[in-house]
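Please construct the entire structure, taking both the sequences and the accompanying hints into account.
The primary structure of each chain is shown beneath.
Number of protein chains: 2
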Amino acid sequence: MITVALAKGALLKDSVDCFLSAGLDFSRVLDPDNRLLMVPSSCGRARALLVRNGDVPVYVAYGQAQLGVVGHDVLREHQMPVANLVDLEFGGCRMAVAVKESSNYQRAIDLPPHCRVASKFINCAREFFDEIDLPVELVHLTGSVELGPITGMAEAIVDLVATGRTLRDNGLIAIDDLFHSTARLIGHPLSLRLDEGDIHKIIEGVKQIKRDNLL
Amino acid sequence: MITVALAKGALLKDSVDCFLSAGLDFSRVLDPDNRLLMVPSSCGRARALLVRNGDVPVYVAYGQAQLGVVGHDVLREHQMPVANLVDLEFGGCRMAVAVKESSNYQRAIDLPPHCRVASKFINCAREFFDEIDLPVELVHLTGSVELGPITGMAEAIVDLVATGRTLRDNGLIAIDDLFHSTARLIGHPLSLRLDEGDIHKIIEGVKQIKRDNLL
Numbered sequence: 000m001i002t003v004a005l006a007k008g009a010l011l012k013d014s015v016d017c018f019l020s021a022g023l024d025f026s027r028v029l030d031p032d033n034r035l036l037m038v039p040s041s042c043g044r045a046r047a048l049l050v051r052n053g054d055v056p057v058y059v060a061y062g063q064a065q066l067g068v069v070g071h072d073v074l075r076e077h078q079m080p081v082a083n084l085v086d087l088e089f090g091g092c093r094m095a096v097a098v099k100e101s102s103n104y105q106r107a108i109d110l111p112p113h114c115r116v117a118s119k120f121i122n123c124a125r126e127f128f129d130e131i132d133l134p135v136e137l138v139h140l141t142g143s144v145e146l147g148p149i150t151g152m153a154e155a156i157v158d159l160v161a162t163g164r165t166l167r168d169n170g171l172i173a174i175d176d177l178f179h180s181t182a183r184l185i186g187h188p189l190s191l192r193l194d195e196g197d198i199h200k201i202i203e204g205v206k207q208i209k210r211d212n213l214l
Numbered sequence: 000m001i002t003v004a005l006a007k008g009a010l011l012k013d014s015v016d017c018f019l020s021a022g023l024d025f026s027r028v029l030d031p032d033n034r035l036l037m038v039p040s041s042c043g044r045a046r047a048l049l050v051r052n053g054d055v056p057v058y059v060a061y062g063q064a065q066l067g068v069v070g071h072d073v074l075r076e077h078q079m080p081v082a083n084l085v086d087l088e089f090g091g092c093r094m095a096v097a098v099k100e101s102s103n104y105q106r107a108i109d110l111p112p113h114c115r116v117a118s119k120f121i122n123c124a125r126e127f128f129d130e131i132d133l134p135v136e137l138v139h140l141t142g143s144v145e146l147g148p149i150t151g152m153a154e155a156i157v158d159l160v161a162t163g164r165t166l167r168d169n170g171l172i173a174i175d176d177l178f179h180s181t182a183r184l185i186g187h188p189l190s191l192r193l194d195e196g197d198i199h200k201i202i203e204g205v206k207q208i209k210r211d212n213l214l
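So the sequences go chain by chain: W and P. Numbering that gives the first Met the number 0 puts the first residue of the first sequence at 0, with every later residue one more than the last. Numbering that gives the first Met the number 0 puts the first residue of the second sequence at 0, with every later residue one more than the last.
Think of the hints as simulated: they come from the structure by calculation, not from any bench. Please read these numbers as outputs of a predicted model, since none were measured by experiment. All the given hints hold, so there is nothing to weed out.
As the list makes no split between identical chains, a pair holds if one copy fits it or if it spans any two.
Straight-line alpha carbon distances no greater than 20 Å define the calculated SDA-like cross-link-like pairs of lysine to any residue that follow:
(1) 7 to 139
(2) 7 to 169
(3) 119 to 63
(4) 119 to 53
(5) 209 to 15
(6) 119 to 141
(7) 99 to 63
(8) 99 to 36
(9) 119 to 36
(10) 99 to 37
(11) 7 to 91
(12) 119 to 79
(13) 99 to 35
(14) 7 to 149
(15) 99 to 174
(16) 7 to 119
(17) 119 to 134
(18) 99 to 166
(19) 7 to 51
(20) 7 to 141
(21) 7 to 86
Spelled out as structure tokens, the structure:
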């Protein structure tokens, strides 16, 4: 039985489509009435684990799921030992440094040394500010990071930006990009090595769809 | 202007009631159509920050909110420098060790050494297993921790249990309690010291309601 870890939220619909074209139908997870966290595929050959974004690489790293779909941002932040198999190209967004629109900062390097930066992505943020050699105090928040600059707690934030609407709604503006992120198909390294063909067939199916531009 | 950090979710309704009886009306945050994260009180003297559970002590520790309401579990887990002012006694739940009902473990100490334990509360779990001198491998999950034992990734979980329904629905059973948790009124230490009376009036109001058993 193949188990696939899927992230609840923005990537779910496209993740289901991706496996559907590769022969596995998990569309039941899209049913708003579904309360199951472990959902069998309609063919019964596989099952999906419906978990939070950050937990996808955990289930794949421990081999409880052989495959998973998750954003590159999560992989960068958590650095779990998983195989990065296919760039699925959907779920595009960028990890950006944002500040109040009314501030005068043009680039991240303009921020005052030792200022506070709020983020859910502490590791990505630390790496970026280390690279540009600017010492900052990172404040770890778990949600609504845009409140950091609004309340005056932080001078800047590091967060994912998709359409930019949340930033605009909160009077913030992106001034620097850390990296671009898209959804990735990931795999459990040992399962991939021991696979007798079933997992690779799914991976090839997903790659084929990508080549055919169906995603 | 007094700012109060309120946790979205299970504690919100009681938190609003608590401040209402102390003279601050934040009932607007309960409106399902409310999209604001910073909500003024109806009297205009104060405002509420609507944030995630784990972020309440962060805003209070940095002084962006002078007061906040959050579960004791979050305070135990994150150990931020905030003043623990009043046990509000609502939001009661316990931090428990749970295993599969079909397993033979009667107490946490029966778990096999070096087994995996999944939790959102890694620090609380580490402290507990250190105390009972049982070495375990902690797996940090951010949600749906009950999937840990179901998928076979973990032998046990450490999680909050309120009614016990989630455990039952997933074939799990609590075998040990770490501690009991209730909502707490917390404060920013420096703001409390510099306060000219406004903050203490609210704290006294909350204490009075508790004495009168109105909560």
